[in-house]
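K.L.:
Residue numbers (my numbering), protein chains in the order written: chain H, 1 to 354; chain F, 1 to 354.
Please keep in mind that the hints were generated in silico from the structure rather than gathered at the bench.
Keep in mind that the hints are not guaranteed to be accurate.
It does not matter which identical chain is used: a pair holds within one copy or between any two.
[As the list claims (entries may be wrong)] List of simulated lysine-lysine pairs, DSS-like, C-alpha gap at most 27 Å:
id	residue 1	residue 2
1	Lys74	Lys214
2	Lys282	Lys249
3	Lys282	Lys96
4	Lys330	Lys287
5	Lys266	Lys330
6	Lys249	Lys287
7	Lys266	Lys282
8	Lys273	Lys287
9	Lys273	Lys324
10	Lys273	Lys249
11	Lys214	Lys273
12	Lys177	Lys96
13	Lys273	Lys330
14	Lys273	Lys74
15	Lys249	Lys214
16	Lys266	Lys249
17	Lys324	Lys266
18	Lys74	Lys282
19	Lys96	Lys330
20	Lys330	Lys177
21	Lys177	Lys273
Please read these numbers as outputs of a predicted model, since none were measured by experiment.
Protein chains: 2
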Amino acid sequence: MATSIPISLDAMGGDVGPEVVIPGAEIALVRHPDIRFLIYGEEARVRPLLEAYPRVRDASEFHHCDVSVAMDAKPSQALRQGRRRSSMWQAIEAVKGGNAAVAVSAGNTGALMAMSKFCLRTMANIDRPAIAAIWPTSRGESIVLDVGATIGADAQQLIDFAILGGAMARALFGIEKPSVGLLNIGVEEVKGLEDVRTAGRLLRDMSLPNLTYKGFVEGDDIGQGAVDVVVTEGFAGNIALKTAEGTAKQIGGYLREAMGRTLMSKIGYMFAKGAFGVLREKLDPNKVNGGVFLGLNGIVIKSHGGADAEGYAAAIDLAYDMVKNQLTDKISQDLVHYHRGGFGEAAANSKGDK
Amino acid sequence: MATSIPISLDAMGGDVGPEVVIPGAEIALVRHPDIRFLIYGEEARVRPLLEAYPRVRDASEFHHCDVSVAMDAKPSQALRQGRRRSSMWQAIEAVKGGNAAVAVSAGNTGALMAMSKFCLRTMANIDRPAIAAIWPTSRGESIVLDVGATIGADAQQLIDFAILGGAMARALFGIEKPSVGLLNIGVEEVKGLEDVRTAGRLLRDMSLPNLTYKGFVEGDDIGQGAVDVVVTEGFAGNIALKTAEGTAKQIGGYLREAMGRTLMSKIGYMFAKGAFGVLREKLDPNKVNGGVFLGLNGIVIKSHGGADAEGYAAAIDLAYDMVKNQLTDKISQDLVHYHRGGFGEAAANSKGDK
């Protein structure tokens, strides 16, 4: 018998909670029968759902937790009230203890990141964690990080993000040497933040074995899939991600309005329904759901709080892929390459020469 | 006879140059016969075009310039080679000297901003200029600034941008008290950059007479038209703008692909052609063309370098509107309100209490 993949779930996270998480687990389990779940949540709400989804019940261990972290809890508040006792914390701690290979939560991002940092700690030689998003592009998918774990990043941290994102691209896309770009404004070397320029110079000079540095990219290059991995600090990254989501929603609205405007356009819509279905699928945020917390001693996947069961299942699929494709090992390998090459010192020393 | 509106044009700016600028001027002139142009450029290229567009010729004064600023010139290089002598410089200087009420150029943004700053200088009590973009939203249009004039902004500069953008909204949209939001990640007060938080607190406390501060907005709120004016520093603002453009292009590509996929969808497209026309118009970057340089002693409008004659005409329309609606006076009024109220000192003092 093949080894199973143990995944811990915070059943209480998300706008809905267990009524999305358990059906989502069922969908993912059908696709990946070798998953075993460790489910954390309020017994009174989760147990009846497990009875309704016996496939999940039979493939999981359930643990009752008294506390659920509210979707609007501030990170500090969540830590104070939910440390050790909440379903969110317990799901993360299962990763720390080695019982789970990865944790999934649709709980609030700030609280989940604060607890993940507190419980798992950052990896040796990594200053700060990052949230990596999977961005649908004209050419397929790219990884964009950081999309909001921390604000600001110096050259060293941007290089760390490049390594973390590169390892994730190797795991997720199966590319041997993913292409990496630094998000900047203008592609000429003269523009942009000092830290971005320094990071660019260093990435070019050190030519890491497992990624290809492609230089600066701009906001409109992300959607064109110009590079496999887009690296930026968390403020701009979060704004880029949200802006793209908002623009997609806005254009979807225009399209609906245009198609309902006249009899002719309604007839046209009837004929082209299949094509619109394909389009809707391309734009469905549920299809690509899951932010990956990188740089910690363990992997945590953040599902969108508003995801439905299908969307939550996509986050579990992502968690499964990350374990199957040995993301953690790949990150460790890449960090060893980086630090053995003495590149870490070069980056650290660069702080003075801005 | 009504007074004419004098507008200076850098005929050599843009990917094409005078072959777009002069036909663009013709289109705008038909719409606004009270414009008078001051046109700067290479005589050998511009003269024949003026003969081909006699309406523009008759409404303009032409001045030959030896130097044209290259589209890929670095700002410092452009200043060194093009100061005083280039068509770009001359168009800006016409504003400084009072011969033109506003300048329009499709030349490269970095060079145009560097020359504008050098020639016009920032207004009293304004540290840094900003580039304001007009952003099409689900509800109409919003103003977003800064989209790339400078990188980073402290609380005082963000407040300056709020005042500049508010005045522009009053001029452009005719709203008495435009709503203003600060771009941030997460709407809770606890998150985000210190400077953004400080600016938010001050804007709330001082309740300026000519704008309504609405708090933080996120990337996806921009396209929904949540506020009339979105304030941010230039790095994140530029990335947001480019990302939205890239996403619109990407979805346009999906849509074309979907409509050409099957016979049924092609038939559907034939019926819905009119509706797609409306949609295309909504997404046409030519329709909303022109970044407004704010905070200088004079207004400069940057047209997109790749704009066609119709797009360039839109930038001239914008320039015309800004003069007609007395943008400069409105900015001055708002700055007087702000500084008379002693708010400037409050903001300056806040720098210590982050």
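K.L.:
The structure should be examined with respect to each hint, and the outcome stated for every one.
P.N.:
Results for each hint:
1. Lys74 / Lys214: Answer is between; shortest inter-copy Cα gap is 21 Å, intra-copy 38 Å.
2. Lys282 / Lys249: Both ways: Lys282 and Lys249 sit 12 Å apart in one copy and 14 Å across, limit 27 Å.
3. Lys282 / Lys96: neither (36 Å within a copy, 51 Å between copies)
4. Lys330 / Lys287: Intra 25 Å, inter 48 Å, cutoff 27 Å: intra-copy only.
5. Lys266 / Lys330: This pair counts as neither: shortest intra-copy Cα distance 51 Å, inter-copy 46 Å.
6. Lys249 / Lys287: both (15 Å within a copy, 20 Å between copies)
7. Lys266 / Lys282: both (22 Å within a copy, 19 Å between copies)
8. Lys273 / Lys287: within (20 Å within a copy, 29 Å between copies)
9. Lys273 / Lys324: neither (37 Å within a copy, 47 Å between copies)
10. Lys273 / Lys249: both (19 Å within a copy, 22 Å between copies)
11. Lys214 / Lys273: neither (40 Å within a copy, 40 Å between copies)
12. Lys177 / Lys96: Neither way: Lys177 and Lys96 sit 30 Å apart in one copy and 53 Å across, limit 27 Å.
13. Lys273 / Lys330: neither (43 Å within a copy, 50 Å between copies)
14. Lys273 / Lys74: Classified as neither: same-chain Cα gap 44 Å, cross-chain 49 Å, threshold 27 Å.
15. Lys249 / Lys214: between (30 Å within a copy, 22 Å between copies)
16. Lys266 / Lys249: Answer is both: 21 Å inside a copy and 24 Å across each meet the 27 Å cutoff.
17. Lys324 / Lys266: Neither, since 46 Å and 42 Å both go past 27 Å.
18. Lys74 / Lys282: Answer is neither; intra-copy 34 Å and inter-copy 39 Å both fail.
19. Lys96 / Lys330: within (18 Å within a copy, 59 Å between copies)
20. Lys330 / Lys177: Within one copy only: 12 Å inside a chain, 55 Å across chains, cut-off 27 Å.
21. Lys177 / Lys273: neither (40 Å within a copy, 44 Å between copies)
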